[in-house]
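K.L.:
Given these sequences and hints, build the entire structure.
Protein chains: 2
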Amino acid sequence: MSADVIPLRRKEQPSLDPLLALTANGMNSVNAIILDRMQSEIPLIPTLAGHLISGGGKRMRPMLTLSSAALLEYEGDRHHKLAASVEFIHTATLLHDDVVDGSDLRRGKKPANLIFGNPASVLVGDFLFSRSFELMVEDGSLKVLKILSNASAVIAAGEVDQLTAQRQIETSEERYLGIIGAKTAALFAAACRIAAVVAERAEAEEQALDAYGRNLGIAFQLVDDAIDYDSSADEMGKGRGDDFREGKMTLPVILAYARGDEAERAFWKDAIAGRRTSDEDLAEAVRLIEKHDAVEATRERARHFAQRAIDAIGGFRQNAARDAMEEAALFAVSRRF
Amino acid sequence: MSADVIPLRRKEQPSLDPLLALTANGMNSVNAIILDRMQSEIPLIPTLAGHLISGGGKRMRPMLTLSSAALLEYEGDRHHKLAASVEFIHTATLLHDDVVDGSDLRRGKKPANLIFGNPASVLVGDFLFSRSFELMVEDGSLKVLKILSNASAVIAAGEVDQLTAQRQIETSEERYLGIIGAKTAALFAAACRIAAVVAERAEAEEQALDAYGRNLGIAFQLVDDAIDYDSSADEMGKGRGDDFREGKMTLPVILAYARGDEAERAFWKDAIAGRRTSDEDLAEAVRLIEKHDAVEATRERARHFAQRAIDAIGGFRQNAARDAMEEAALFAVSRRF
Numbered sequence: 001m002s003a004d005v006i007p008l009r010r011k012e013q014p015s016l017d018p019l020l021a022l023t024a025n026g027m028n029s030v031n032a033i034i035l036d037r038m039q040s041e042i043p044l045i046p047t048l049a050g051h052l053i054s055g056g057g058k059r060m061r062p063m064l065t066l067s068s069a070a071l072l073e074y075e076g077d078r079h080h081k082l083a084a085s086v087e088f089i090h091t092a093t094l095l096h097d098d099v100v101d102g103s104d105l106r107r108g109k110k111p112a113n114l115i116f117g118n119p120a121s122v123l124v125g126d127f128l129f130s131r132s133f134e135l136m137v138e139d140g141s142l143k144v145l146k147i148l149s150n151a152s153a154v155i156a157a158g159e160v161d162q163l164t165a166q167r168q169i170e171t172s173e174e175r176y177l178g179i180i181g182a183k184t185a186a187l188f189a190a191a192c193r194i195a196a197v198v199a200e201r202a203e204a205e206e207q208a209l210d211a212y213g214r215n216l217g218i219a220f221q222l223v224d225d226a227i228d229y230d231s232s233a234d235e236m237g238k239g240r241g242d243d244f245r246e247g248k249m250t251l252p253v254i255l256a257y258a259r260g261d262e263a264e265r266a267f268w269k270d271a272i273a274g275r276r277t278s279d280e281d282l283a284e285a286v287r288l289i290e291k292h293d294a295v296e297a298t299r300e301r302a303r304h305f306a307q308r309a310i311d312a313i314g315g316f317r318q319n320a321a322r323d324a325m326e327e328a329a330l331f332a333v334s335r336r337f
Numbered sequence: 001m002s003a004d005v006i007p008l009r010r011k012e013q014p015s016l017d018p019l020l021a022l023t024a025n026g027m028n029s030v031n032a033i034i035l036d037r038m039q040s041e042i043p044l045i046p047t048l049a050g051h052l053i054s055g056g057g058k059r060m061r062p063m064l065t066l067s068s069a070a071l072l073e074y075e076g077d078r079h080h081k082l083a084a085s086v087e088f089i090h091t092a093t094l095l096h097d098d099v100v101d102g103s104d105l106r107r108g109k110k111p112a113n114l115i116f117g118n119p120a121s122v123l124v125g126d127f128l129f130s131r132s133f134e135l136m137v138e139d140g141s142l143k144v145l146k147i148l149s150n151a152s153a154v155i156a157a158g159e160v161d162q163l164t165a166q167r168q169i170e171t172s173e174e175r176y177l178g179i180i181g182a183k184t185a186a187l188f189a190a191a192c193r194i195a196a197v198v199a200e201r202a203e204a205e206e207q208a209l210d211a212y213g214r215n216l217g218i219a220f221q222l223v224d225d226a227i228d229y230d231s232s233a234d235e236m237g238k239g240r241g242d243d244f245r246e247g248k249m250t251l252p253v254i255l256a257y258a259r260g261d262e263a264e265r266a267f268w269k270d271a272i273a274g275r276r277t278s279d280e281d282l283a284e285a286v287r288l289i290e291k292h293d294a295v296e297a298t299r300e301r302a303r304h305f306a307q308r309a310i311d312a313i314g315g316f317r318q319n320a321a322r323d324a325m326e327e328a329a330l331f332a333v334s335r336r337f
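Protein chains in written order, with our numbering: chain A, 1 to 337; chain B, 1 to 337.
Just to be clear, a hint being listed does not mean it is correct.
The list treats identical chains as interchangeable, and a pair is accepted whether it falls inside one copy or across any two copies.
Below 25 Å or equal to it, Euclidean Cα-Cα: the simulated BS3-like pairs (lysine-lysine) are [what the hints assert, rightly or not]:
#1 Lys-58 - Lys-269
#2 Lys-291 - Lys-81
#3 Lys-146 - Lys-81
#4 Lys-81 - Lys-143
#5 Lys-291 - Lys-110
#6 Lys-110 - Lys-143
#7 Lys-269 - Lys-291
#8 Lys-58 - Lys-110
#9 Lys-58 - Lys-81
#10 Lys-291 - Lys-58
#11 Lys-143 - Lys-269
#12 Lys-269 - Lys-81
Just so you know, the hints here were simulated from the structure itself, not pulled from any lab data.
P.N.:
Spelled out as structure tokens, the structure:
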């Protein structure tokens, strides 16, 4: 619970506020484009898309496109349309994920597929995905199109890989990192990288922003996965224990399994295979993960990637954007919800 | 049953053979690209994609890209990659359609989602969709990207519209034509149109090929929808009566409802609402559709659009491609399976 967190001085409790402040004006434009382009003559499309898009997500990815552009002191506005395009890809992915996961809560809200049905979620996802490419085509950069179409293919392949790893207790940390690198980090990386393309910067700067986004994405996902088993974390957010009941192999489980004795491994095999999914089983899972410090170890891995993200942009001139992006990385790994 | 069809002279029994012969060489290249680009390190992706891609579809859309290029006497090979891209969009759509429809047969085969599950079908569809854009980006024509990203958005919106019209007995012929124009004809139109872009032809020729594909697509879909209620049609192909049980509003139903008396309309209301789905109910539906000549009326509408397709390419020089495309339109409306 949040009451457990001792309030620290501002510097030691990193927040997203600088990133939010830095991108506030730009995000107004991005949000206007998102609202405009999710419209359709078919009423169900804006209804369903609006449910998700207004659903309180942080819009991290478009904010990263904007902050990366600010880091490069880019003066134009091409990146607004492209940031909207990135958010559409993300929204399409979320809609399809809900169908794939069958989870009954997303950020504590009923997911779209349970309100509107799987068919509508699949099809509106396809629509938003197509719209995202229409936006890129309007911008007209083949390089951006290449980056984002590649990221989309990598995301989909990563999701299929995650599906294949589901209920497979033998999944390794390496494979897990490959999966989250694809399903989460690829779009973070692309969101940052396209700012360098728009600003017409050299390949090395593209790569630096790509590395920032990629490492930040991995850090975010690691912390998300840690929170799902963190007994001290806020109860808000996505349905606690979803990963457990779905038999998803995330790092806390991988580490607790690797560090466990024979009896514990037998428990994990049963649980991940879907034979132990009760509240008591979840409590036992949380206990074993705590016993082996697997949440803290996962957070430690996340801090490693957050540090790599910060160092990746170390070559850019220090400005408000770099400050905000550094603090966003620290925020990512200090989150408890 | 096919035994009912009296064999006629070749000219009067149009076939796809000329189109198949015209595009045979090109389709070898296209198929090689398809096989190459559906590969992935994640084994489930080529397995699932291969199930569908090798599943015996006619590959009408890439054949149309190839024949359109031949009509224009285009000598290059850029259209091979783009034809593969079109087929990937189509395959992605089929994978998602199966999830949306929940049908248990496709062309008489078990659909991918029943073998591999809905999650895999959704995600591999997303992968193929992304791959299709990667192929377009490699080709590098923003005009082609615009045509195909727009077609993709139109298809998805059409599918959502169809979903909204499902089980709605009051769906009009106009709305139905709008739905099939989007969900089927838009990709036929785009498949033909991009050949003119690659061959660098004037806007008027682009539009002519677009019109050919669009009208052909509508004709194809009308005949597909007629066959689902045609007591004299072959029993092969997709599960007979699927449309009926799913409460899909297709033209045979729209016409039989419009032409029916009060008792018949009461039957249709119940049936389309999902309250009458037995084999006897299906037999009654077929009887009413026969009574009002609604299959034949649907085929007559299809012939109208096939004729418009043929006339749309009337301005091009008569060559083997034009012959084949004309016969393909006649074939589309003479199919009984």
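K.L.:
Against each hint, give a clear statement of whether it holds in the structure.
P.N.:
We went through each hint and held it up to the structure:
1. Lys-58 - Lys-269: neither (35 Å within a copy, 45 Å between copies)
2. Lys-291 - Lys-81: neither (48 Å within a copy, 55 Å between copies)
3. Lys-146 - Lys-81: both (16 Å within a copy, 15 Å between copies)
4. Lys-81 - Lys-143: For Lys-81 and Lys-143, the Cα distance is within 25 Å both inside one copy (15 Å) and across copies (18 Å).
5. Lys-291 - Lys-110: neither (33 Å within a copy, 47 Å between copies)
6. Lys-110 - Lys-143: neither (37 Å within a copy, 40 Å between copies)
7. Lys-269 - Lys-291: within (18 Å within a copy, 62 Å between copies)
8. Lys-58 - Lys-110: Only inside one copy: Lys-58 and Lys-110 sit 17 Å apart there, 41 Å across copies, limit 25 Å.
9. Lys-58 - Lys-81: within (18 Å within a copy, 38 Å between copies)
10. Lys-291 - Lys-58: neither (32 Å within a copy, 59 Å between copies)
11. Lys-143 - Lys-269: neither (45 Å within a copy, 53 Å between copies)
12. Lys-269 - Lys-81: The answer is neither: 47 Å in one copy and 46 Å across copies each exceed 25 Å.
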